[in-house]
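Throw the hints in and build the complete structure from the sequences for me.
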Amino acid sequence: MKADVTRALQEVRHLFVDDGSLAAFAIVLIAFVGGGIKLLGLPPLWGGGLLVVGLAGILVESLQRASKAGKKR
Amino acid sequence: MTLPLATLLPVILSAFLASMVELTEAFTVVLAVGVACGWRPALLGTVGGFVILALLVAILGPLLELVPLALLEFVIGVLLVLFGLRWLRKAILRAAGLLALHDERVAFAHETAALTRRSHGGRVAISGGLTAFNAVLLEGLEVVFIVIAVGAGRGMLPYAALGAGVAAALVLVAGAVLARPLSRVPENALKFVVGLMLTAFGIFWTGEGLGVVWPDDNLSLLGILVLFAALSAGAVRWLRPHRRAQLKVVK
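Sequence order for the protein chains is X and A.
Heads up: the first sequence begins at 1 in this note's numbering, then just goes up one per residue.
Heads up: the second sequence begins at 1001 in this note's numbering, then just goes up one per residue.
None of these hints come from the bench; they were simulated from the model.
Do not take every clue at face value.
Derived coverage of chain X by chain A (criterion: at least 3 residues anywhere in the stretch with Cβ under 8 Å from a Cβ of chain A; other residues may be distant) [to be verified]:
1) 20-31
2) 38-47
3) 52-66
Note that this is a predicted model, so its numbers are computed, not measured.
Don't be surprised by glycine CBs; every beta carbon is placed ideally from N, CA and C.
Below, the structure is given as structure tokens:
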């Protein structure tokens, strides 16, 4: 029963986070863009573009890391 | 208020496809419990899981109506970005051959063997019931999150729920008729599409929450989707040579 509960808790965590770095980079980027728009007067559309390009870059970086980790094994 | 089909369709479709994937996985586990431990614990665990899910929806639904739209869009957008990127990353790695494809027959065999190993002693029913309960609750939690995420805030919750409901009915009917794992559901392809849709929704709503005014709502959403689809297709081609000889079986 303990194993079931542990497994359930792990599954809940994995609902949003598989690769911790990807999740952390994404949150930092969103905070950065939000700060840029709200505090530094970054034009909102530029902020939107930055969000799209930045998240695409973060995904590519995560995939690159996964492929390298695969090669090392 | 009548919503245009171009707005409704992505919401219904993403809820339907995501629910199809999650409920197919839950069905496999419930079936394994039924075969290995008997149908009584399988059904009790399933009903228990559905009751908790129903309570969650009943509590969360009215609460979400109280949250200001911009804040709701932002929070849900960020969660959708994390959720969608996670699905998309896994789908790309699977399509590139770096992770093993999910196979319901393998999952069923694995789950049945594990349950049979644990079934020595008098706790067969409890263990089986808990396994079915966990599967329904956890996979259902993802369905509830997706339905709320794509539907809340803009009056589209009933449409998202409709998509999920149709998927649930299809899985239940197909499962009851076939009485074996639904391995012909193209889960990996569906996960790819859902990952793309959720990521696009997530970026769009996070942007709106931050004050971004996207040029032509639906066109921008489609643009983000197409961009990530092209990027993902490119990533699969780029990663294929890195494929390992030994595939790691996940989940």
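Tested hints:
Interface restraint, the stretch 20-31 of chain X with chain A: holds (5 residues with C-beta to C-beta distance below 8 Å; minimum three). As drawn, the stretch 38-47 of chain X meets chain A at 4 residues by the rule of a beta-carbon pair under 8 Å; at three or more, the given contact holds. Counting residues of the stretch 52-66 of chain X whose CB lies closer than 8 Å to any CB of chain A gives 9, so the stated coverage by that chain holds, three being the minimum.
Checked against the numbered hints given earlier, this structure breaks none of them.
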